[in-house]
Amino acid sequence: MSYLEGYAPQLLEGALLTLQLGIVSLLLGLVLGTLGALGELSRSTVVRYFTLSWHTLIRGLPEILILFAVFYGSDLLFNRWLPTPIDISPYWAGIVGLGILFGAYASQVLRGALLAIPTGQREAALALGFSHRQIYQHILLPQLWRYALPGLGNLWLVLLKDTALVSLIGLTDLMSRAQAAVSITQKPFTFYLTVACIYLIMTSISQWLLQRYYQKTTRYLGAKQ
Amino acid sequence: MVIATLLSKNHTLFGGETMIDWFLTYPIPLLQGLLLTLELTALGLLFGLAVAVLFASILQSHWRFLHYPIHAFTFFIRGTPLLVQIFLIYFGLSQFAWIREQDWLWIWLQEPFICAVLALGLNSAAYTTVLLQGTFKTVPVGEIEAAKALGLSSLQILRRIILPRATITAWSAYSNEVVLILKSTALVSTITLLDLMGAIRQITAETYEMGTGLLIAGLVYGSLTAITVYLFRSVEKRFPPIHRR
Chain A
-9 MSYLEGYAPQ LLEGALLTLQ LGIVSLLLGL VLGTLGALGE LSRSTVVRYF
41 TLSWHTLIRG LPEILILFAV FYGSDLLFNR WLPTPIDISP YWAGIVGLGI
91 LFGAYASQVL RGALLAIPTG QREAALALGF SHRQIYQHIL LPQLWRYALP
141 GLGNLWLVLL KDTALVSLIG LTDLMSRAQA AVSITQKPFT FYLTVACIYL
191 IMTSISQWLL QRYYQKTTRY LGAKQ
Chain B
69 MVIATLLSKN HTLFGGETMI DWFLTYPIPL LQGLLLTLEL TALGLLFGLA
119 VAVLFASILQ SHWRFLHYPI HAFTFFIRGT PLLVQIFLIY FGLSQFAWIR
169 EQDWLWIWLQ EPFICAVLAL GLNSAAYTTV LLQGTFKTVP VGEIEAAKAL
219 GLSSLQILRR IILPRATITA WSAYSNEVVL ILKSTALVST ITLLDLMGAI
269 RQITAETYEM GTGLLIAGLV YGSLTAITVY LFRSVEKRFP PIHRR
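Line by line, the protein sequences give chains A and B. Heads up, the first sequence stops at 215 in my numbering, and the numbers go up one at a time, no gaps. Heads up, the second sequence stops at 313 in my numbering, and the numbers go up one at a time, no gaps.
Watch out, some of these pointers could steer you wrong.
Here are a few chain A residues that face chain B, going by a calculated C-beta distance under 10 Å [said to hold, decoys possible]:
| id | residue |
| --- | --- |
| 1 | GLU53 |
| 2 | LEU150 |
| 3 | GLN169 |
| 4 | VAL172 |
| 5 | GLN197 |
Keep in mind that the hints were calculated from the coordinates and are not lab data. Where is the CB? At the ideal position from N, CA and C, for every residue including glycine.
Chain B extracted, bound-state conformation (with noise of 0.2 Å):
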């Protein structure tokens, strides 16, 4: 990190005119946000998905009194900006004593990075419960009871015929999914985290070179998309024909 802003501090002399040139200037501190985004990206989407289907498990289930809290939770997320989420939770949180003095969950909860991957990751586990619990609802109704019929426990149903059905129907609604947080991550940066927009945003903040830095910042978040949906059809291929789009 000394380093990189000993770089870029250096580089302001010279001044780059092009894209290359900031590539080769500031390659250390891009290639450190590039990592960043992509490790939010990926933290973000286990802990979400993580939480999803714990949720819409629960929304099948029989217990009532639990689909109040997720409805709620579900609905407060889904209706406020991803920006507020995460302020409420890197800013809002220090507003109460009694966590402050919990020595153990501040020093994680005042981490940045700590409350973007928890921001991100409750974002995306609202999103992809509401998906989920629409894709468990298409698995044909007599699979389960057949299940039933041959024994098998709800916890096996879940595992064995409901996740592995809903995996391939929810496929490509959840790669819109990945991509909505590739893209939110970049507003990390209001948190000081310096992930590839925040990097680019702490060069132009020096080098004054808005346009070269709005040029990189298309390109590589474009080819990052491109990517992303790119992986996700090549495994769609790879279904069995019947469930192909």
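This is chain A alone, in the form it adopts within the complex (with noise of 0.2 Å):
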């Protein structure tokens, strides 16, 4: 690796920082997406209408902007109603700006994979005088994961690649480590085609992994139908 000129370490540190934020902001992104699906399919309006409001204006706004409004914005806001201002470090901000955005899209696939249970097994568990709570938890949940893993699959790449933003609020990821090789050694182009090839890596393995995963989840759907 002598042509990364002894950075190699500084980036695989930053590769690691990459995934695991990408690791984390997927499952807070899960949990707001299963929350969102459930708002915007909920039999409450006001519910419905202010899930299904604030998931347009995500998916409306640059994915760039939301990290700054998450990392200056918050600041804003805390140190506004707080007696003691706090920061918000830029690692919680990626996270949580992450995760805000993997979970606006991910809640329209979930909604997707829900109304795409037939409706006959709601329709018979309510005549077996199961309640509204027992159908989601027994019969619909278990069985949302196959109908949703090939859109979260998606979201999962388009996240993966998303993290490389956080260079921009501050973080030392993969991104930000090449930029500091660059500015000594003056090699731009090496770097970011090293960036460029790492993240290659990350998602094919993931698409390799998603694919392998699918095809065991549904391997009984196929013999069914």
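Assembly of the complex is requested from the two constituent chains, each provided in isolation within its own frame, with the hints serving as guidance.
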């Protein structure tokens, strides 16, 4: 790895942070997405319209704007309401921003998946005297995964690529490590191409794993239909 | 531009507090930014679409040896962040002395605007190629066979049968691509361009009114996406009923 002039460990460290950031915001995003999907399907009109307009808003704004809004905006908000000013670290701002983004898109996938489950199952459960909560818990949620996986997989790839934006709010991720290396070595092409390749490896492995996992979750579906 | 900076310098003394103040104080940088954002979106999309139609058509053809480079291209672009692609083109190309020595080329490639259009265009091209490749497959084989039986050349078939059909099938999916590129233009502020995001960042750097800047950015970008979606939907309503969704 001599062409990286000794910066390989730094890049690797950055890649690990990128991956970690991606996974934590994925988890947050899944929670937000599930809540969002339930909100959009809620029987309360207020909840429905609120979640719907929230998701439309988030999906209509540039990703970088959302990261800035969480990073600087939360600072403005908190320091107005709290007696002692607190600092939100770029790390958590990045996670919350990426999580909000993932959640807004994931809610659409999850909503679609919930609606894709045949209504006959819900009706049968109602006829058997299940409560709404029980229907979600025992019938809908366990099957949700299978329908939502392809869509969520694509969103994960988008999320992974969006992590590059956290370098703009001052996190020392893969991208900003490369920028630091470039400023010393004056070899922008070498380092940005390396970054691109590291991202390619991460996305390719994700895709491969998702494909395998998807085949596993749907292995009984083909026989039934 | 000079007037714009002068204006913004002068008004830090007064310090506007609301969004309306901003619009009154910095109308020129904000409008110029908006214009640049729209320009970049339009040029990037046009460039991307032209390349994508070419690539997707080649993928339909029998020239197998050309398929591999196109697949490699879409794989690379779709697997890496746009920010990396922008940096690779704007900063990366200067690493090679032989590029810098080509005067006619280097005049273009050292312009952040050209690099931004190139990056956005290539990015859009990759996603649109895959999109078109999928829609080309939905054209019924019978129609193509009928056209062949009538003696149309393959270029005529592409122009008269495949492309019109693909336009209608891909329309709503392409509107997503337009919104995506529109939002992605916000990244060009990282290579010194003063698009809408860049202009707002520059103003906030002077006034420290981060909240107002974020609100204005949200308002304008949100409206732009809403208008885009609305325009695409209203065109879709004019399609023959059989193609509506």
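The hints, checked one at a time:
1. GLU53: 7 Å, holds
2. LEU150: 8 Å, holds
3. GLN169: Given a least distance of 8 Å, the restraint on A/GLN169 holds.
4. VAL172: 7 Å, holds
5. GLN197: At about 8 Å, which falls below the 10 Å cut-off, the nearest Cβ of chain B leaves the hint on A/GLN197 intact, so it holds.
Consistency note: the structure conflicts with none of the earlier hints.
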